[in-house]
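For the protein sequence lines, the chains are A and B, in the order given.
If you read the first sequence in the numbering used here, its first letter stands for residue 13, the second for the next number, and so on.
If you read the second sequence in the numbering used here, its first letter stands for residue -19, the second for the next number, and so on.
Warning: the hint list may mix true and false statements.
[Stated by the list, open to error] Below, a sample of chain A positions facing chain B; criterion: calculated Cβ distance under 8 angstroms:
hint, residue
1, L26
2, Y32
3, L91
4, T94
5, P149
Keep in mind that the hints were calculated from the coordinates and are not lab data.
All values reported here derive from a predicted model rather than from experimental measurement.
For glycine and all other residues, C-beta sits at the position ideal for the given N, C-alpha and C.
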Amino acid sequence: MSTFPDVNALVAALPARGAYVEKDSIASVANVHMTLWRAPGRPGLGEKPGSAAGLACSRLTQGAGPLFPVSGGKRNHCLSLTAFLSQPGTVQVVDRVWHSDSLSLNANAPQAVNSVALPARAGGGTGLELALEIWTPGGVTALSPSASYTDPVSGAGRTATMAAGAVPGSAIAGRFFPFTLQGTDRGVSSVQTCTTGLSGVAGEGGLVLYRPLFELVLPSSTSTAYNGFSETGLFEIPDDACLALLDLTATATSGKVRVEYKLVQAVPG
Amino acid sequence: MAGFPTLAALHEALAKPGIRALASKGVPPTGVAFGVSSYWTASGTPAAGAAPGSTAAVAPTRSTPGALPFPLASPGKVRHLGRALFGGGGSGYTHAVFDRLLHSDGLSANSTGVQPIGGASAPTRGAFDAHELYFELYSPVGATPFNGALTYVNQDDQARTTPAFAVPASAGAGRMIHVPLAPGDWQVKSFVSHQGDAPSGLAGNGGYTLVRRLAMVGADRSISRPVPLDAIFLGAPKVPDDSCLFFALEFGASGSTLAALGALWFPEADAA
Chain A
13 MSTFPDVNAL VAALPARGAY VEKDSIASVA NVHMTLWRAP GRPGLGEKPG SAAGLACSRL
73 TQGAGPLFPV SGGKRNHCLS LTAFLSQPGT VQVVDRVWHS DSLSLNANAP QAVNSVALPA
133 RAGGGTGLEL ALEIWTPGGV TALSPSASYT DPVSGAGRTA TMAAGAVPGS AIAGRFFPFT
193 LQGTDRGVSS VQTCTTGLSG VAGEGGLVLY RPLFELVLPS STSTAYNGFS ETGLFEIPDD
253 ACLALLDLTA TATSGKVRVE YKLVQAVPG
Chain B
-19 MAGFPTLAAL HEALAKPGIR ALASKGVPPT GVAFGVSSYW TASGTPAAGA APGSTAAVAP
41 TRSTPGALPF PLASPGKVRH LGRALFGGGG SGYTHAVFDR LLHSDGLSAN STGVQPIGGA
101 SAPTRGAFDA HELYFELYSP VGATPFNGAL TYVNQDDQAR TTPAFAVPAS AGAGRMIHVP
161 LAPGDWQVKS FVSHQGDAPS GLAGNGGYTL VRRLAMVGAD RSISRPVPLD AIFLGAPKVP
221 DDSCLFFALE FGASGSTLAA LGALWFPEAD AA
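Next up, chain A with everything else stripped away, as it sits in the complex:
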């Protein structure tokens, strides 16, 4: 049985609880993934994990979007999302599950990661996506990073890759490069190593495991997007999720981003 078998069940779960996130515009690159994790705004700068093994993220992690505690077996569902972006682009709302840093962008040998245990909401890693995040730019030579990981089904020894030269020289802080998982793999339960290659300057990179939750598409500059429950599908947000934003804009800045979200809490049906 569905948590919301009909619209009456949804109406009965009201009122919803509202929360708001706003990120200032930062330097970007047109039409590529950027993370807004370290963009100023509300919440402020996100946590820097401080190690290659990284930290599990939760709603209490510095930089996570507001999320309300649940009780009585209830779960949070997204009722609506309103988003403003000061220039054309797509904003992706993600659950940042685990993150790391301290990886050199100037090393040919595999660098140990050995990620710390993932939080329970990772569900063993199925559906998680893996990306390289730039904390400090490396040198001018493009990179083709790879990472060895454990897949929830296929097991250990799997290799995530990127296209040749996918990470351009001097990629700026905040660039976010998703990996392609091996074969038919559909998730990551742990990461063992990362091989970045030689850019010429160490810089600093990190890895992120995340679960995409929703996309907000704003094709017109200074437009507002409204997504009601039929658009959000009332997707569930784990009660300890670390809500974060990625964006892809058509310009060299990320743009001002405002997102208001309304959450209804209900016991699973």
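Got chain A sorted already, so can you dock chain B onto it with the hints?
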């Protein structure tokens, strides 16, 4: 049963007479690209509000000048926000509909000492939602920018201090400068004290304003007209009788000020 038990009950509540409030406000006194400005002191309907007139925090209500009049609930009932049709001409901005929970003023921007605030605690009608905190200016500060911070009591009765927030040079009246809460905090129960890290050169007049956001309403560039938001989309937030409703203009790339006008509907449901 509290709230609306069925869609039919919601529709029935929306069909009742006397559930609407109209707003039409002139431009706020200051506009800055990507900033936030308050309509609190702007003229129109509701009539202009004023600086709180108290360094100690005060909890404003529906009776405070500047608050939007909306219909009282019947005995045993509580109003909800059930429809919002709101805009102001132009494009490239959003409007916020806020419930003003707590405010203060009388803080000097020309002092680096600890300035006690104290006063009232936030009313419980805000207990359900995430709070937002602003440093609101009622007269301009001086030409030297400074950072401020508020010591406050959070939702768990812990004394906390906000991360520093930047007050720009010569920030004008009407500016609402967002104040981040300490990591992990989502509500403020009371204000304790304020401190700035440099004299701005002019005392000005500022204070803290605590709000809960009822709705964010945008204006689309292509149509430049308001988009009606329904009760389910809005989440039907509770609007108890003592709520102090007002509006803010959240700018995009242009800091040009705009009027605000619209209609809000307040269907009522059983309170408990």
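Hints, verified against the model:
1. L26: holds, 4 angstroms
2. Y32: holds, 5 angstroms
3. L91: Nearest chain B Cβ about 6 angstroms off; hint holds.
4. T94: holds, 5 angstroms
5. P149: violated, 26 angstroms
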